[in-house]
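Chain residues, written in single-letter form:
Number of protein chains: 2
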Amino acid sequence: MNIEMQSHQAEAAPAEEPLSQWLINMPEPPTIWQEFVGYIRTNVLSKKRNKMKKKSSNPVYSYLKSVFPILIWGRQYKLNMFKKDLMAGLTLASLCIPQSIGYANLAGLDPEYGLYTSVVPPLIYSMMGSSRELAIGPVAVVSLLLSSMVSDLQDPVTDPIAYRKIVFTATLGFLVDFLSHAALVGFMAGAAIVIGLQQLKGLFGLSHFTSKTDVVSVLSSVFHSLHHPWQPLNFVIGSSFLIFILLARFLGKRNKKLFWIPAMAPLISVILATLIVYLTNAETRGVKIVKNIKPGFNRPSVNQLEFNGPHLGQVAKIGIICAIIALTEAIAVGRSFATIKGYRLDGNKEMMAMGFSNIAGSLTSCYVATGSFSRTAVNFSAGCETVVSNIVMAITVMVSLEVLTRFLYFTPTAILASIILSALPGLIDISGALHIWKLDKLDFLVLVAAFLGVLFASVEIGLLLAVGISFTRIILSSIRPTVEALGRLSKTDIFGDINQYPMATKTQGLLTLRISSPLLCFANANFIRDRILNSIQKVEEGEDDEQEVKRAKVLQVVILDMSCVMGLDTSGVVALEELHQELASNDTQLVIASPRWRVFHKLKRAKLEEKVKKENIFMTVGEAVDFYVRARTTSHDMC
Amino acid sequence: MNIEMQSHQAEAAPAEEPLSQWLINMPEPPTIWQEFVGYIRTNVLSKKRNKMKKKSSNPVYSYLKSVFPILIWGRQYKLNMFKKDLMAGLTLASLCIPQSIGYANLAGLDPEYGLYTSVVPPLIYSMMGSSRELAIGPVAVVSLLLSSMVSDLQDPVTDPIAYRKIVFTATLGFLVDFLSHAALVGFMAGAAIVIGLQQLKGLFGLSHFTSKTDVVSVLSSVFHSLHHPWQPLNFVIGSSFLIFILLARFLGKRNKKLFWIPAMAPLISVILATLIVYLTNAETRGVKIVKNIKPGFNRPSVNQLEFNGPHLGQVAKIGIICAIIALTEAIAVGRSFATIKGYRLDGNKEMMAMGFSNIAGSLTSCYVATGSFSRTAVNFSAGCETVVSNIVMAITVMVSLEVLTRFLYFTPTAILASIILSALPGLIDISGALHIWKLDKLDFLVLVAAFLGVLFASVEIGLLLAVGISFTRIILSSIRPTVEALGRLSKTDIFGDINQYPMATKTQGLLTLRISSPLLCFANANFIRDRILNSIQKVEEGEDDEQEVKRAKVLQVVILDMSCVMGLDTSGVVALEELHQELASNDTQLVIASPRWRVFHKLKRAKLEEKVKKENIFMTVGEAVDFYVRARTTSHDMC
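The listed protein sequences correspond, in order, to chains X and Y.
Letter by letter, the first sequence follows residues 1 to 639 of the UniProt record's numbering.
Letter by letter, the second sequence follows residues 1 to 639 of the UniProt record's numbering.
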């Protein structure tokens, strides 16, 4: 049979010439070094060159424009735009002032630091950022992260366990870059609940409270405190204003034109509550108040930066995690609003803008600033046109830092707790979670892991669980890829998975298999080889039972569709060699169809192309099947 | 344009009907649960059922046959086969006895344990194993592993660093399962050099020697010892017999019929050297000798097994690593010889056989036994027919344990060192390393990392480096997949990567891209989306420069070939949605070609199929291109 086929190949060859010719005469793929150089060139150098080429009028100016988008849109800025931005900026400030104080509280900092953070970073961002709606300032999740991680600070020299934890979480910092959407949904929901529980301290006016963030510690801490005497007045003030804010939001949702009511509600609550406390002297009856807020603008804090000392490693790790979470949040928020308005957010520019905002912030007594979802939504509803609304907000906060701080002395802390509490439901995305459940069960598992991890263990454990499960999935799909049997869709040249297309028909005597892995490598080569051999065995055994007589001719050709395999390593080459040998010993021909560039190149290098024979390598599965069917028909005719 | 296209779709639809129909009416893919159940069924249950079905005469007997292959081939065993096996077995024993003593020495055990290990495990293996040539017994690399890891044993309670090391290497045990061929080549070569250096102790007759295995420690230890007085007689005996053994091997290689000369040379050396020492009383002149070897068969060692105590964790880890290395070696050696003889080794049976051999061994004073490459080669050259040669060898060793042990009292240790040294070059596979270098530079890096790691750090570091680099490669290829532009090969329906096939032509107004990743997921979805958008931008800018006029019509359709994408997660769905939206805002149509089963199912679930519209999902790239080219021609005609 084999010999007959050979002779027919010689006859049939001229007709097939062009196709095989294309495959065999293709150019060499680039080497690893060429690829690396190419990568650097396209990703680092060419961007600048492109920009230079385009507007060659003034290279410095065009470079500046690429770094500071304000130079582009600033030229077209008009008065009626400013009217809208002014309105949006003032609304934003009224929400921002109480939230900033509350978040600073959550982060374990004095209230003025929250306000500082709403001044410098938004100003820098407005010059460098590419989003038009993003409202910059402190946010709840990052504040929580800071407080939970800073409270863990230990001296690594004296405490080896803490030292190990640093190493462990420094790795985490790297992995967090791969937080999936599902992980983020779970993480945010868990963080919202944890933040909410933290607010019980302010709402009940408790003095003793745990520094841990997990549910069990917080609830037991609350439970213990309730045995001590507590001040119900705090709770009355806090919960009544919480109800007021929630009612305002309900109103705003029912009528889109009243968006300013929920936006102003927190500031109104602060003003009312402060006046009530001031007029009734409630601070003497156990109502906790904010007390001193240092008046005045941001002070420089360069002299407070420390770049050595025992905590450097840990601080670096905290910095990395906060930076990544902050950036992820900012880009996610910015992108979702950019999509609504139909423009595209430049991830690299956002990273630059957020980076410089926070560097400038760290030199001027700010803590981590990023894009807040709730305030960005308010900014958007208030009709902001450009990032000028951020500038307006920053200036308003700056003025209030000078003017309002003495007034804020009497602000009850319970009101801050209720403002934070009112912002939390926005972090819990139930419909998003349901959507994920419907789409992908494994992603939902990631979500649940992140949620429960944050809730019952710690922020870091939650993130680690989510990232771990996500990567396990990638690795599993690499080490256990599928090998599908293909069939021809009748009257076409299309070959499809016979499970996906039950109407696809197999050709007798041929087995067509597709390897669905981008790498045929050490981790899966043996598995794939065994899978292929098992499929062959199954075909032979299956047909055995029915037609014992035809046994010798059951399977003559196995066609391997390699169109999805992007690369081989030596283990992959060895597996293919073994497969070829094993089939050859059973008088079965191994045929390779549509090998990719690099794969074909490696087959040549490994001389496998010679062993399998060039005539048995085809451009497409259809071509291969046609060839063998024709060869068989001719040989039958001859018999 | 878009509206026109719509109307043409309605006209063109009937002709396309069958193809889209196939795609849209395909069955639902199995759920995760169904897949899991199916996996269990095919991998755990069906095997037994199949076997039951086939030979239903006696299920117990057929089960026994599947566990003990000896019941199958034993029936056909003939006298002339036994003659060959006897000859091979005796040759094997003559090589095995001195090697076993030497390897026991290397593992830090008394010499009789090496001999015990050559008795029980081969007997068990001969009943359960599926290889015909594999020679079972102690091997060099596993002996080295044992000695290097056991000497590290520390009390985990008092020493936290050691405890961390356990955790670290327990993880390693899992990863070692994925040792690639390249890693193994590097590891073996490194181990050979390390083992060779360890033999310097015996060759020079040194008393003080390091227990570490890295090159630096060993060489400094040798250097220090040379300052002390040492016995040159040891070196004279050792090196002269090493030369004798190497000469014998050279002879054996030149004439294949003299294969027994190198096989007998070690035993002859032992006998000669022992006689010389015995007759000249050389042991009084500083020649180190083996001294007492306990005579008698294997003693039961059940009472010596300890399943608790402070070292349990570490011992478990050592056990796991040794078991995996041993099994990997046995299967690699067995498979390479099985391929020569043209039969197939059953990996599962091998695992069972090696497992039971070593369990039985651990109950009868044996240490780890596996398939030795050098002895298997001798067995093969000696013309063994079945695993009976192992039985012959085991019985011969058993007899010699009773008879020879008193004689071996005077065997110089230097001779054992030279026997081990002579076996080492077989572990260094230079041509294999060259082959890997030619095939795959990254694999070669893995090889070098394993080699240098073993040589300069420790066995564990070497393995960890190799596995780490290998997995980094898989993960990198997952997070940075390629997106290729496709072009049509003239006069065919074949679309190929335009880099691979430079003659492939693009169709004006269409951009065809292929995603070469099996998962469109959190780790690469943003990257792929950005890549696609950049490709589109490049096309538009590129054509911009040349023909400023046609700008509006540069790109109307982007065809995404998803034939290699096996799965989506929610991040992938979001990325596709964003891509669709972004393109739609530029009046460009996103077209999806040849989506796979699960991918299409998820697109349906996510309602993305409705957004992209069913008319824009095609079975193949060719179909999609034809459709849009036809639509455009018709609309041009109408203009």
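Any given hint could be a false lead.
Since the list gives no way to pick out one identical chain from another, each pair is judged satisfied if it fits inside one copy or across any two copies.
Once the Cα atoms are required to be at most 20 Å apart in a straight line, the calculated PhoX-like pairs of lysine-lysine come out as [what the hints assert, rightly or not]:
| no. | residue 1 | residue 2 |
| --- | --- | --- |
| 1 | K538 | K604 |
| 2 | K349 | K253 |
| 3 | K83 | K614 |
| 4 | K614 | K84 |
| 5 | K65 | K212 |
| 6 | K614 | K506 |
| 7 | K253 | K506 |
| 8 | K438 | K491 |
| 9 | K538 | K212 |
| 10 | K441 | K604 |
| 11 | K294 | K349 |
| 12 | K491 | K614 |
| 13 | K491 | K506 |
| 14 | K441 | K607 |
| 15 | K607 | K349 |
| 16 | K611 | K441 |
| 17 | K341 | K78 |
| 18 | K441 | K341 |
| 19 | K611 | K438 |
| 20 | K604 | K438 |
| 21 | K84 | K341 |
| 22 | K611 | K341 |
| 23 | K491 | K65 |
| 24 | K506 | K256 |
| 25 | K506 | K604 |
Since the hints were made in silico from the structure, they are not lab data.
How the hints compare with the structure:
no.	hint	result
1	K538 <-> K604	neither (31 Å within a copy, 33 Å between copies)
2	K349 <-> K253	neither (33 Å within a copy, 68 Å between copies)
3	K83 <-> K614	neither (73 Å within a copy, 45 Å between copies)
4	K614 <-> K84	neither (70 Å within a copy, 41 Å between copies)
5	K65 <-> K212	neither (46 Å within a copy, 61 Å between copies)
6	K614 <-> K506	neither (24 Å within a copy, 28 Å between copies)
7	K253 <-> K506	neither (59 Å within a copy, 51 Å between copies)
8	K438 <-> K491	neither (37 Å within a copy, 44 Å between copies)
9	K538 <-> K212	neither (58 Å within a copy, 51 Å between copies)
10	K441 <-> K604	between (42 Å within a copy, 16 Å between copies)
11	K294 <-> K349	neither (35 Å within a copy, 77 Å between copies)
12	K491 <-> K614	neither (28 Å within a copy, 23 Å between copies)
13	K491 <-> K506	within (13 Å within a copy, 27 Å between copies)
14	K441 <-> K607	between (44 Å within a copy, 17 Å between copies)
15	K607 <-> K349	neither (48 Å within a copy, 32 Å between copies)
16	K611 <-> K441	neither (45 Å within a copy, 23 Å between copies)
17	K341 <-> K78	within (19 Å within a copy, 85 Å between copies)
18	K441 <-> K341	neither (32 Å within a copy, 48 Å between copies)
19	K611 <-> K438	between (49 Å within a copy, 18 Å between copies)
20	K604 <-> K438	between (46 Å within a copy, 11 Å between copies)
21	K84 <-> K341	within (16 Å within a copy, 84 Å between copies)
22	K611 <-> K341	between (59 Å within a copy, 18 Å between copies)
23	K491 <-> K65	neither (58 Å within a copy, 48 Å between copies)
24	K506 <-> K256	neither (60 Å within a copy, 49 Å between copies)
25	K506 <-> K604	neither (30 Å within a copy, 28 Å between copies)
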